[in-house]
Amino acid sequence: MSSKETILNQIRENRPKGGTQFSGFDFSPYPNGIDDFKATLEKVGGKLVLKRDIKDLHTWIKKEYGSDNYVFTEVDSIVGNYTLNEMSITNEKLNKIHVAVLAGSMGIAENGAVWLERFLHRSIPFITQHLVIFLSSDAIVGTMHEAYQIINKKELPSFGIFISGPSKTADIEQSLIYGAHGPRSLTVIVE
Amino acid sequence: MKGHPELAEKFLQDESRTNWHDETLWWVRSKRDAVASEIKDWEKLRDAASQIKEDTLSNLDEYLLEFEQNALKNGIKVHWAADAREHNEIVLQVLKSKDAWQLVKSKSMLTEECGLNDFLEDHGIEVIESDLGERIIQWMKQTPSHIVMPAIHLKKKDIGKVFSEKLHIRETEDPVKLTEFARIHLRNYFMNTKVALTGVNFAVADSGTFVVCTNEGNADMGVHMADVHIASMGIEKLIPKIEHLGVFLRLLARSATGQPITAYTSHFRKPGKGKEIHLILVDNGRSEILGKSHFWHSLKCIRCGACMNTCPIFRKTGGHSYDYIIPGPIGAILAPHRDPIKYGSLPFASSLCGSCAAVCPVKIDIDKQLYAWRQELTGEKSSLPVSFMGYVLKKPGLFNMGSKGLSILQKLIPWMIDRFFKSYTRGRELPKVPGQTFKDWYKKHT
Chain Y
1 MSSKETILNQ
11 IRENRPKGGT
21 QFSGFDFSPY
31 PNGIDDFKAT
41 LEKVGGKLVL
51 KRDIKDLHTW
61 IKKEYGSDNY
71 VFTEVDSIVG
81 NYTLNEMSIT
91 NEKLNKIHVA
101 VLAGSMGIAE
111 NGAVWLERFL
121 HRSIPFITQH
131 LVIFLSSDAI
141 VGTMHEAYQI
151 INKKELPSFG
161 IFISGPSKTA
171 DIEQSLIYGA
181 HGPRSLTVIV
191 E
Chain P
192 MKGHPELAEK
202 FLQDESRTNW
212 HDETLWWVRS
222 KRDAVASEIK
232 DWEKLRDAAS
242 QIKEDTLSNL
252 DEYLLEFEQN
262 ALKNGIKVHW
272 AADAREHNEI
282 VLQVLKSKDA
292 WQLVKSKSML
302 TEECGLNDFL
312 EDHGIEVIES
322 DLGERIIQWM
332 KQTPSHIVMP
342 AIHLKKKDIG
352 KVFSEKLHIR
362 ETEDPVKLTE
372 FARIHLRNYF
382 MNTKVALTGV
392 NFAVADSGTF
402 VVCTNEGNAD
412 MGVHMADVHI
422 ASMGIEKLIP
432 KIEHLGVFLR
442 LLARSATGQP
452 ITAYTSHFRK
462 PGKGKEIHLI
472 LVDNGRSEIL
482 GKSHFWHSLK
492 CIRCGACMNT
502 CPIFRKTGGH
512 SYDYIIPGPI
522 GAILAPHRDP
532 IKYGSLPFAS
542 SLCGSCAAVC
552 PVKIDIDKQL
562 YAWRQELTGE
572 KSSLPVSFMG
582 YVLKKPGLFN
592 MGSKGLSILQ
602 KLIPWMIDRF
612 FKSYTRGREL
622 PKVPGQTFKD
632 WYKKHT
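Quick mapping for you: the protein sequence lines, in order, are chains Y and P.
Number 191 marks the last residue of the first sequence (this note's numbering); no jumps.
Number 637 marks the last residue of the second sequence (this note's numbering); no jumps.
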């Protein structure tokens with residue numbers, strides 16, 4: 001008998017009876033304005049900037065991140081200066097990215113997370129030194145329940161991710177440090 | 192064999208460290224309270240999470256098959272492991288098939304349970320833990336003392352020392368510098384590894400998707416840079432539907448660390464172009480616990496660690512006193528299933544205050560299970576002192592004589608009382624028996 005059969009047989013023999021069924025509940029709304037999202041995003045170590053407050057993105061990047069070299073972008077309206085070809089991608093090339101500008105498709109006010117589901121390479125939101133995510137102000141919802149209602153409307157992406165703030169660790173005496181392995185900073189630009 | 196009391200005594204020797212541990216975990220518990228109170232539906236969410244898990248466990252065979260079918264359709268390779276040994280063999284086979292001699296790992300309590308690292312090292316594979324806390328623990332040849340904060344028992348001085356030793360850097364206690372050194376050190380491995388392993392926080396039956404939550408981003412760094420992703424999950428990690436994630440993700444990080452959500456919540460449905468995902472479904476005793484009336488509820492656990500942070504015994508005795516992979520209240524009800532003799536002292540490492548059950552996001556009645564374990568382990572027989580007290584309480588004359596006698600004895604020969612109640616008076620004082628009994632006082636005042 002295969003392990004699969006052994007496991008399933010034992011479960012069938014042992015499975016408890018009368019476990020309650022979940023039938024859903026009416027969740028309370030969470031305010032979903034830009035300011036509500038911004039307040040939570042700041043609590044998790046991120047930053048929110050309005051697109052109209054940025055005159056020139058490259059000047060802004062240079063000021064924020066020290067240099068505007070190796071800016072990789074997947075936002076159509078933004079011009080980067082570091083391009084990667086899908087066919088010839090290598091880990092070394094990915095590791096050069098200083099700032100990645102990606103498109104978020106949804107923001108969640110209750111936890112400051114942004115949902116991303118389109119990537120040239122899945123490592124980009126992690127390997128970049130700094131992450132910038134563009135988000136439409138119409139795409140902010142209150143809670144995770146609403147987020148999954150939207151995600152569920154179409155086929156799930158092959159890979160999708162909620163990102164809430166920069167990479168962080170508190171493993172050394174509970175001191176909170178940003179930039180553990182992934183981005184040292186996260187800015188959400190709302191347009 | 193050392194039980195919880197003996198190991199706890201060792202931890203308690205360093206008073207300032209013990210106090211730091213106690214206060215730090217209480218601070219994490221307070222953060223949990225603050226964020227939980229911001230969510231209006233908190234109690235409804237706990238009920239929902241408990242119900243979803245009960246439903247899952249009551250129909251586990253069907254959900255597992257649904258999950259497998261969908262995952263296979265998505266191009267994920269699914270393996271079944273009846274026990275730890277089989278799980279470890281599968282990992283080794285995947286590594287061998289890729290000619291890989293290194294495995295970059297993110298945090299997984301299941302692989303700790305399976306003893307994967309030792310097994311692989313015995314077969315010549317280098318294992319690199321990539322979560323900062325886990326890497327430190329690995330360097331120090333220790334085990335995690337907490338399921339979410341594996342290095343919570345260590346001070347920055349200890350960590351600085353091991354960094355200096357392993358990375359040949361000047362000793363520092365600065366957490367910013369240490370984290371930066373770890374970033375550089377581990378990125379090198381991320382860049383060059385072929386195979387990476389992660390745990391699984393939730394697997395969703397209706398879409399064959401699985402979710403991994405981290406704060407450091409180490410799980411994603413590992414698997415996206417590697418060619419092969421191995422994901423190890425206990426069969427109880429399943430949930431039926433995608434929308435159920437909304438319930439669990441609202442609860443998990445808030446309960447664990449007081450964050451509204453972890454920094455990264457990754458949903459894996461299909462492997463990336465030219466890559467492979469191997470998912471291992473591990474039983475290792477779970478289907479047996481499923482058949483134990485009442486105890487099966489412990490399988491609802493989502494490993495947030497809230498019961499540890501709140502537990503007065505855990506905070507004051509440290510995770511290593513439990514001598515089991517999962518310490519604290521949840522560990523104390525899981526461990527005896529593995530070995531009731533070795534872990535027999537764990538259900539007694541509790542004041543039964545019930546704080547664990549009060550914070551548990553999936554409403555496991557941990558305190559009741561601790562009590563049930565005590566009944567089971569002692570064969571429902573009362574201990575000698577309890578039987579003796581029962582006898583005395585039935586005889587008023589004997590009781591009166593005893594209470595007077597005790598007060599006289601304590602005055603005249605306190606050492607004898609202390610010796611008699613040795614196991615109780617170690618580390619605490621026996622309360623003074625008052626000269627006047629309540630009965631005498633009552634007589635005088637009526």
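No lab work stands behind these hints, which were simulated from the structure alone.
Be aware that one or more of the hints could be misleading.
[Said to hold, decoys possible] Ranges of calculated distance between the beta carbons of each label pair, as one might list FRET restraints:
# : chain 1 : residue 1 : chain 2 : residue 2 : range
1 : Y       : K43       : P       : F611      : 52 to 58 Å
2 : Y       : K43       : P       : K630      : 57 to 63 Å
3 : P       : K357      : Y       : G33       : 45 to 51 Å
4 : P       : K507      : Y       : L176      : 47 to 53 Å
5 : P       : K347      : Y       : K63       : 29 to 35 Å
[To be verified] Below, in silico cross-link-like pairs of lysine to aspartate or glutamate (EDC-like), each with a Cα-Cα straight-line distance of 20 Å or less:
#  : chain 1 : residue 1 : chain 2 : residue 2
6  : P       : K533      : P       : D556
7  : P       : K231      : Y       : D36
8  : P       : K348      : P       : E253
9  : P       : K268      : P       : D246
10 : P       : K264      : Y       : E155
11 : P       : K464      : P       : E479
12 : P       : K231      : Y       : E155
13 : P       : K222      : Y       : E173
14 : Y       : K154      : P       : D397
15 : P       : K346      : Y       : E74
16 : P       : K464      : Y       : D36
17 : P       : K201      : P       : E214
18 : P       : K613      : P       : D397
19 : Y       : K153      : P       : D397
[As the list claims (entries may be wrong)] If you want the ones that stay clear, here's a sample from chain Y, every Cβ over 12 Å from chain P, calculated:
#  : residue
20 : R15
21 : K47
22 : V49
23 : W60
24 : K62
25 : K63
26 : G80
27 : H121
We put the CB at the ideal spot given by N, CA and C, even for glycine.
Right, here's what the structure says about each hint:
1. One distance hint, 52 to 58 Å for the beta-carbon pair K43(Y) and F611(P), holds here, with the actual separation near 56 Å.
2. In this structure the hint that K43(Y) and K630(P) lie 57 to 63 Å apart at CB holds, the actual value being about 60 Å.
3. For the hinted restraint 45 to 51 Å between K357(P) and G33(Y), the CB-CB distance of approximately 48 Å keeps it satisfied.
4. At roughly 25 Å, the beta carbons of K507(P) and L176(Y) sit outside the given window of 47 to 53 Å.
5. Between K347(P) and K63(Y), the C-beta spacing of about 34 Å keeps the proposed range 29 to 35 Å intact.
6. At roughly 23 Å between alpha-carbon atoms, K533(P) and D556(P) are farther apart than 20 Å, so this suggested pair is violated.
7. For the proposed pair K231(P) and D36(Y), the alpha carbon gap of about 16 Å is at most 20 Å, so the pair holds.
8. Simply put, K348(P) and E253(P) have alpha-carbon atoms about 50 Å apart, too far for the 20 Å limit, and the pair is violated.
9. Taken as a hint, the K268(P) and D246(P) pair is broken in the structure, with Cα atoms around 26 Å apart against an allowance of 20 Å.
10. With a C-alpha separation of about 14 Å, the suggested pair K264(P) and E155(Y) falls inside the 20 Å cut-off, and the hint holds.
11. Between K464(P) and E479(P), the direct Cα distance comes to roughly 39 Å. Violation of the 20 Å bound is thereby established for this hinted pair.
12. For a cut-off of 20 Å, the pair hint linking K231(P) to E155(Y) is broken: about 31 Å separates their Cα positions.
13. In summary, the hint linking K222(P) to E173(Y) is supported, as the alpha carbons are separated by about 16 Å, within the 20 Å threshold.
14. With a CA separation close to 14 Å, the supplied pair K154(Y) and D397(P) stays within the 20 Å bound.
15. Between K346(P) and E74(Y) the CA atoms are separated by roughly 42 Å; this puts the pair beyond 20 Å, and the hint is violated.
16. Note on K464(P) and D36(Y): the hinted pairing is violated, with a Cα-Cα distance of about 38 Å set against a maximum of 20 Å.
17. Proposed proximity of K201(P) and E214(P) is supported: the alpha carbons are some 19 Å apart, at most 20 Å.
18. For the suggested pair K613(P) and D397(P), the alpha carbons sit about 58 Å apart, so the restraint of at most 20 Å is broken.
19. A hinted pair counts as satisfied when its Cα atoms are at most 20 Å apart, and K153(Y) with D397(P) qualifies at roughly 14 Å.
20. With 12 Å as the threshold on Cβ separation, the claim that R15(Y) sits away from chain P is violated: the shortest Cβ distance comes to roughly 6 Å.
21. At roughly 14 Å from the closest C-beta of chain P, the C-beta of K47(Y) stays outside 12 Å, upholding its exclusion from the interface.
22. At the 12 Å boundary, the C-beta of V49(Y) stays outside the reach of chain P, the nearest C-beta of that chain being 19 Å off.
23. Here W60(Y) stays apart from chain P, with its beta-carbon at least about 24 Å from theirs, past the 12 Å limit.
24. Distance check for K62(Y) against chain P: the nearest CB is about 23 Å away, which clears 12 Å, and the non-interface claim stands.
25. Even its closest Cβ contact with chain P, about 23 Å, leaves K63(Y) beyond 12 Å, as expected for a residue assigned away from the interface.
26. Here G80(Y) stays apart from chain P, with its beta-carbon at least about 20 Å from theirs, past the 12 Å limit.
27. Non-interface call for H121(Y) relative to chain P: violated, since the shortest CB-CB distance, roughly 7 Å, does not exceed 12 Å.
Checked against the numbered hints given earlier, this structure breaks hints 4, 6, 8, 9, 11, 12, 15, 16, 18, 20 and 27; the rest are met.
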